[in-house]
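A.B. asks: Each residue of the sequence shown is one higher than the one before, counting from 18 in our numbering.
Derived DEER-like restraints, expressed as beta-carbon distance ranges:
1) D153 - E59: 12 to 22 Å
2) T171 - Q27: 13 to 23 Å
3) D75 - A167: 38 to 48 Å
4) Q110 - G39: 19 to 29 Å
Hints listed in this document are in silico derivations from the structure and should not be mistaken for laboratory results.
Ideal placement from N, C-alpha and C gives every residue a C-beta, glycine not left out.
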Amino acid sequence: KARGGYCWEQNTLLKIALEEMGFSVMPVLCRVRWGKPDDSQEPNTGFTHLALIVTTTDDGIFLADVGFAGTNSMEPVLLKEEDGSTSVKEQQQQLPEGLFRVVASKHKDFQVLELLVKEEWRPLYEWRNERAPWVDQISCNWFSCTFPTARFTTQFFCCRIVGDERHHILNSEYVIRKGHGVSSTTTKEQITTKSRLLELIDQVFGVELKQGDETEGIDRFLLNN
18 KARGGYCWEQ NTLLKIALEE MGFSVMPVLC RVRWGKPDDS QEPNTGFTHL
68 ALIVTTTDDG IFLADVGFAG TNSMEPVLLK EEDGSTSVKE QQQQLPEGLF
118 RVVASKHKDF QVLELLVKEE WRPLYEWRNE RAPWVDQISC NWFSCTFPTA
168 RFTTQFFCCR IVGDERHHIL NSEYVIRKGH GVSSTTTKEQ ITTKSRLLEL
218 IDQVFGVELK QGDETEGIDR FLLNN
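Using the sequences provided together with the hints, build the complete structure.
C.D. replies: Here it is in structure tokens:
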């Protein structure tokens with residue numbers, strides 16, 4: 018209750034819920050491409066993200082993901098039509114968070130989810146159509162939250178959708194984005210005190226941190242430290 022999480026926790030919970038509802042769900046390991054340098058020669062990111070391939074009772078196939086921060090689609094991305102016969106690869110899909118498509122990756126057997134940003138298609142992450150064994154999920158999750166240079170050990174990050182707004186904190190910057198593309202509006206606030214950071218975590222993001230170990234050192238991400 019009132020706790021945060023990232024892809025390994027959120028999408029694992031979503032998988033359990035979807036399976037209880039009767040859907041077939043395949044977890045897949047993903048290489049993050051958003052904001053990463055070119056990897057034409059060989060992959061330069063590891064499997065640090067988990068997403069879900071969901072098959073409906075009428076054989077539609079979707080990409081479902083509620084754990085990729087501020088740029089992914091909260092609605093499922095269609096991978097194959099409901100009759101199971103028609104691929105929608107490279108077809109543009111207008112979703113609430115923007116215009117998305119799935120295309121073949123430059124890496125063999127991988128496909129990549131892309132988002133249209135300022136008239137340019139930008140990759141979010143890529144995956145293979147292959148079930149991720151539980152043992153691999155454990156090791157990739159462990160790396161993501163313990164390796165000294167991994168994102169989740171070097172940065173502070175929160176993200177939440179509130180109505181038609183996306184709220185997120187990256188280290189000392191609090192951003193509210195409303196809308197997408199050229200029509201979007203953004204407001205920013207530089208967080209300079211630990212008390213303000215804890216106030217936002219509690220009141221905006223709904224995460225209850227216990228005073229002590231869970232709040233100790235949190236201010237190291239702020240500009241005034």
